[in-house]
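From first to last, the protein sequence lines stand for chains H and R.
Under the UniProt record's numbering, the first residue of the first sequence is numbered 1, with each subsequent residue one higher.
Under the UniProt record's numbering, the first residue of the second sequence is numbered 1, with each subsequent residue one higher.
Worth flagging that the hints you see were computed from the coordinates, not collected in a lab.
Bear in mind that the values here come from a model prediction, so they are computed numbers and not experimental data.
There could be a bad hint or two in this list.
For the chain R half of the interface with chain H, some residues (derived, Cβ under 8 Å), not all of them [said to hold, decoys possible]:
#1 130
#2 234
#3 236
#4 238
#5 239
#6 279
#7 282
#8 283
#9 328
Heads up, the beta-carbon is just placed ideally off N, CA and C, and yes, glycines get one too.
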Amino acid sequence: MTTRTRTDRRQRQRGSWMVSLATLMTIGIPLAGLAPIIQGADWWFAAMAMSTACIAASWVVRASGLRPALGVVAAFMVWVLASQWFFAPGTAIAGIIPTPATIDTLVAGFIDAGGQIQVQTIPADPVASLIQLICMACGLVAVVADAAIIARFPAFVGLLALVLFAMPSAVQARDVDVVRFIATTASFLLLLWIAARVDGSTRSQHRSASRAGRAPATALALGAAAVACALIIPSATPGLTAQAFADSRNTGSLPSVYGAGIDPVIQLGRDLRRTTPIVSLRYSTTADKPLYLKMVDLTDFSTGSWQPSENSDGLFEQLSRPSGLADDVERSTVNTEVSIEGLRSEWLPLPYPATTLSNAGQGWTADPETGVVTLPDSRNDSRGDDYSVESLALTPSAEQLASAGTTVPTELSPLLQLPPDLPAIVSDVANNVTAGATTNYDRAVALQSYFTSGKFTYSVDTPVEESFDGSNAEALAAFLEVKSGYCVHFAASMATMARVLGIPSRIAIGYFPSSAASSYVDGEPQYEVLTDQLHSWPELYFEGIGWLPFEPTPGLGISVPAYSLPAFAEKSAQSEAPTPQTSEVTPTTQAKEKADPTTQSNAGETRSLAQARGWLTALAVAAGVCLAGLIPAFVRMWRRRRLMTSIERSGNPATRAWWELQDFARDFGIEVSGGDTPAMFAQRLLSLRRIPHADVESLRRAVEQEQFAESRGAPAGALERAAIRAALVSIEKAISDEAEQSVRRRARLLPASLFVRSERTS
Amino acid sequence: MPDSITQSRSRAAAPDIDLDEFDRLSRAIMGNLEAVINGKTDVATLSLIVLLAEGHLLVEDVPGVGKTTLAKALARSVSASVSRIQFTPDLLPSDVTGVSIFNQQANRFEFKPGAVFANIVIADEINRASPKTQSALLECMEERQVSVDGVTHLLETPFSVVATQNPIEMEGTFALPEAQRDRFMARISMGYPDAEAELAMLHNRELQSPLDDIEAVVDREELQAMTRCAREVFVSRAVEQYVVNIAQATRRDPEVRLGVSPRATLHLVRAAKVAAALEGRDFVLPDDIDALVIPVLGHRIVPTRKSVSDHRSGVDAIEEILTRIVQATPVPLVAARSL
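So that you can see chain H by itself, here it is in the shape it has in the complex (with noise of 0.2 Å):
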């Protein structure tokens, strides 16, 4: 009895221990997702350091006899004793004993932190109170999760683990990271495992067999929702949100989501770099090409970063004629009829110039200057509205655009406005590209072919590489440097270039067109907006025509407008030529290509390349969770094999062959019961119609001979083990057989077997 006693608790201290180190894992792995958004490693080992003194201050207690419930007592007072003793130095009476001052130091900490994650670019500069944030959050999970063990509950350090992975994935919009997932899912199965198996040999068996039978269930269900979580939780917010927008104006301040908000353009990067595009809205248009759709201008940038204009009076629930377009620009109408799927924003997106809405409602109201259409407050969040909106198309003329000249309206001087910190390289760099030109349009086509002449590439990825994401004035000289960034870089240069050359300009957001119809309705091509089709371009004041849009952003495939190319401003350089020039796109298109193919494959490749990742990341997000989920057919399959091999060498053959076939028996329903003599559990065998009786019977021999007889001295011969093999794959052929294919299938992938403490002894 006593060797038993000390046996039992030297295997629950063992189980104990590898339950802690579970559990540490659990916790780690997912924190370490928090890596692309904290800078260095520093805090990932500081937070850790706490968690595992938590965990183990409980294990020891534990492991010297005390009561468990003492353990998570042990483990909260390490966590009190570690905060202050780091982040409330000297406070404490005696270092032991929290006095207000402590209270005081840490809220403060946490203050200064909330301040740091309010200011603080990605990655964040891992300063003291975001370490401290850290670590203490941290070790909390720790105290927490051990106590979920100790509470026979480790399902729910599933729920803790679940939430530190999808952090990451929340504030910085990633796509899913496999690799860590499928090591979050691995360690957390782990735990489960062995608290399963130490909870088991404290119990009767019937008991602990019917509680571990529901922790694979636990196990996977928790695990969907971590994929689903993982997955659906960045894809929920698609498009521009206005939060950030509205936060802004009207507190004055950056908004504060974690990482989301240091600056409102950064979410339209996020958005482009998401992997798994969504459709944000549909629509159907009368015009012969896909539409750029304009949700919202920035248009103050005196600041040092562009800000959407704070105009606020003489909004109007009607669309006022579009600024400064003359009556002779020549001009045809569109009618659009528009339907949002997933995009969430107070902004409408629509053609410029727009100049009826309809169906959209009560109370939006539209910026006469900028025709930006907003929703009123009671329903800002656009998702579902269906609405027709008639716009116009222009094609200004050649001359048209020449006579423009360099004269600009007074009242658009705030449209000139310009830091007055801006890096010497912005206004160099125009200067030196528009060298030769004497009009703001010849200006304008310059700067617009200086971007899109093959010296910049399009990339995602390079600003966040590089830290100067954001249309900042730092972050456009970093730009200048670099030449690769994205549409905000290209977008918030130009634009910024133009003002210091004296045009008139601002940043349109919204959505660039489509490049093929996805459907054809009653010959109508409709069109699909995706997400990743989230863009932003300058739009350029010229006298007499208005406001023009430009494409400086290369390799997105967009046909750029046909009076941007350098082809159509040398027409009107020659304007003394008779032939009257009518803007046709395709042959514009096609010089395009001509001057710069580059431009076009790479736009191609760009667009394949992100779809193709796209779908791996998905394939592989699936086949992680294929991988996860056949955790337990490879162990048993393992286990199997592992008995098989033992029949063959072992001296106990018959007794190796008899547990595979209880094992068997397990996974297909039958019941097997510890009480059972050799002969019984043959028994019920036998109640299954097609065994083969002979084989169950000689197996059942076989194995009373050799547990219960006199050993004869002699080890079973290679005779005796290919029939005692050849009988149990014949039973467990018939077994099988007889089985209905979902309890065949359900053997294979979530074996019984594995969930019940053997009573084998070796």
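Since chain H is already given, all that's left is putting chain R on it; use the hints.
Okay, now just chain R, sitting in the frame of chain H:
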């Protein structure tokens, strides 16, 4: 003493008969038993097991179901000396053990052996006698000797008592105390015969008692050889462990007031050996143990009052408890670690 040494040496050597011979003899005895008690094979087998395991048998049932007939048939089948004591309230201990009488011619005391001086003693309705007389018999059963006036008289081997008793709720009986029940290897209950067997009995016994037809099929030496043969049956460590686990479970069980004694464990293994030999096996299986748990352990455990009150009778409660214990006790299968 030299006699017993010789005996133990011969026991250590190979048994006089092999399992085939054992089988032949046991079949012959079984044939006799089944002839007198129609349709009660398991009762007959159990009584034979007890005889061959050198134990004592307690047959318990209402009057008139064939308890005495069974005991007589068993005794007559082996050509051993048989005596029968009808226990009554006025029976004296000396009637059982014997008495010393002064022989005036020889001028000394002479011992007149009592009824226990036989190979098979049928103690009929043992619970009708006074406790004093009961304990005189029970002492003989355990010691296998009789002490009268300071002289010890050894009893012959084989020595087996087949006691019958009416259930204790019948009038005019003295229930056997727990400690004395423990000395019986097994308790069996005859039960009523089924309709067919009862009909056959009526027909057969109209002319003569079947007991008259019984002839001895096994002599004393053969009986002893059978006993020795059964003792040679192998019991593995695993089965021993299994028996001990069951015994310990009866002592721990919350529904049991008194668990079984170590003697019970010994009896269980001995009986299982014979049971294995009767099946022609030279080793004991856990199944042998399972089958004998209720007859061998049932009369020794005392269930709690609550447990009894939850059932129709004490016997039901005991059977339920033992069945549960047997089911819950894992059958150990052991394998060497090396692959």
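Evaluation of the provided hints:
no. : hint : in the structure
1   : 130  : violated, 43 Å
2   : 234  : holds, 4 Å
3   : 236  : holds, 5 Å
4   : 238  : holds, 6 Å
5   : 239  : holds, 6 Å
6   : 279  : violated, 11 Å
7   : 282  : holds, 7 Å
8   : 283  : holds, 4 Å
9   : 328  : holds, 6 Å
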